[in-house]
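Peer 1: Sequence:
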Amino acid sequence: MAYADIYRRWQADPEGFWMEQAEAIDWIEKPSKALFDDNAPLYEWFKDGKVNACWNAVDRHVEAGRGPQYAIIHDSPVTGTTHKITYSELRNRVASLAGALRAKGVEKGDRVIIYMPMVPEAIEAMLACARLGAIHSVVFGGFAAHELAVRIDDAKPKAILAASCGIEPGRVVHYKPLLDAAIEQAEHKPDFCVILQREQEVAKLVEGRDFGWHSFQYGAQPAECVPVEGDHPAYILYTSGTTGQPKGVVRPTAGHLVALNWTMKNIYGVNPGEVFWAASDVGWVVGHSYIAYGPLIHGNTTIVFEGKPVGTPDAGTFWRVIADHKVASFFTAPTAFRAIKREDPKGELLQKYNLDSLRALYLAGERADPDTIQWAQNQLGVPVIDHWWQTETGWAIAANPLGIEELPVKVGSPSVAMPGYDVQVLDEGGHPVAPGTLGAIAVKLPLPPGTLPTLWNAEERFQKSYLDHFPGYYETGDAGYIDEDGYLYIMARTDDVINVAGHRLSTGAMEEVLASHPDVAECAVIGVADELKGQLPLGFLCLNAGCNRPHDEIVKENVALVREQIGPVAAFKHACVVDRLPKTRSGKILRATMVKIADGQEFKMPATIDDPAILDEIREALKGLGYPKG
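First residue of the sequence shown: 1, per the UniProt record's numbering; consecutive thereafter.
Since the hints were derived computationally from the structure, they do not count as laboratory data.
Note that CB positions come from ideal geometry on N, CA and C, so glycine has one too.
One or more hints might be untrue.
The following label-pair restraints were derived from C-beta to C-beta distances [claimed, not checked]:
1) 40 to 346: 50 to 60 Å
2) 188 to 221: 26 to 36 Å
3) 221 to 29: 20 to 30 Å
4) 613 to 503: 34 to 44 Å
5) 79 to 185: 29 to 39 Å
6) 215 to 378: 51 to 61 Å
7) 600 to 144: 20 to 30 Å
8) 600 to 173: 45 to 55 Å
9) 378 to 565: 20 to 30 Å
10) 579 to 431: 43 to 53 Å
11) 503 to 629: 15 to 25 Å
Start from the sequences and build out the full structure, keeping to the hints where you can.
Peer 2: Put into structure tokens, the structure is as follows:
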């Protein structure tokens, strides 16, 4: 069937469509129906079914004869090691860890925080919790003690599973002192901690509270899978809230299993047994959906990569991993490709590797500018698929579903809405706008299976954040438009749409123009306060490695480009060259923080910032442009 037929089938009979997808999952008790709407606008899926996520991700594959297949490949250029784990080994390791946790009192419904780097044990910890029906909350390894303490107080974990350290290019990140400081700061105290001691740094254990990973499991009886209700939370994943208070996105177990399993074949185009790689981190939603759960539920081999796109050891590391492990489908953030392109603009390092196994590249997490997409297409010679989703949804809202059919690619668009999502563009009053008109992107309720039903312990905040602004819709917080063919264009976060002398303009559209300049590797545009026009755009340009032209010449050319392609209405007159842009660890540019610096406002240091020192460089660059004013 073609994509349009499948989407129409879902529209005509959503209940039948999702019950059919649910057949691909192993149920302990099958659900009586798909959607439960008695508590609308808080919807739930497969609520009366009984299921176990670990069984579906591990045990059922062993039972079906996939035991000898590799489940996880740990490729760690920062330690120079590669380690492969079969499905049979994974089952034994997870059952042993789950048994040890159960022996210490961890049961269904208890919370467990996981604070670990990109090692297989992080995935095993997630699966061990799922095996017991415990609710895990992964906190990005190396997060500051205060941020970890805030999450400990919100989730109130019975236990914390952590590692002694993480390894970054050229440095060791000391996790254990951060964990100790967080527990000290938090009002809630966990009963115990389990620490994976790494060779690079052995941590000091607190007597009576801390246990070594291996000694903790010694002699434990392997645990069986505990049945949980369909709406039982699989995990809580904290996403930064605008108030500085983190929002705990809740992921319901059954919908998560059904939706992710459907996506592996239909969106990512992989068959069970093939190697799938998402180059992200278990601390982010991509790591949950497409390193840990999605590939394993579907019977794929997943890669756990401990490294960076550049510098471990060079900008060819992604190509080596794809070649070494015969990756069929690859998923990463556009920012990773911009970093590679900046270091190796001609793609010379790629020539060293055989990438015949690779069928497609998927990009998400930050707007994929056309220039980066075209560069990747030229280098790789495979479809480059931009797709769009959020921590809250857990899987793609819009994509080009290669496993169904390869739709024509429109560069700059994440293509079309996936079954389950009725995507609409609304004006401020909540009315749908005409094709091609910029507006707020919203999804008509109910959201599909696997998306957030609420926030942890914060139902009122959930309604206020996502449902109140446009009644009957989920507000995505993104702005964009839908064209005549139904293709969606995400132009900016809603707060990145700037108002220049009454004209609503997308900073994303300006970034697209700047990124097309041959010397620009990466860029950002922000809107700064202006007495006359309300707001004015300001550009930041990072240049390609080896570019040694005068900066003022490059700036002039970029100002002219925006004027030529968007028009004088954009009032784009100022830009500066910077070495780096401030980003979160997952690669999102911190535009809102840059705006606050430019406007001379107070701001809270973002918890997820990769390197706070970059903000000083931005401050200096803004000073050179005369900001903040006065």
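Peer 1: Okay, which hints does this one fail, numbers in order?
Peer 2: Those not satisfied come down to hint 8.
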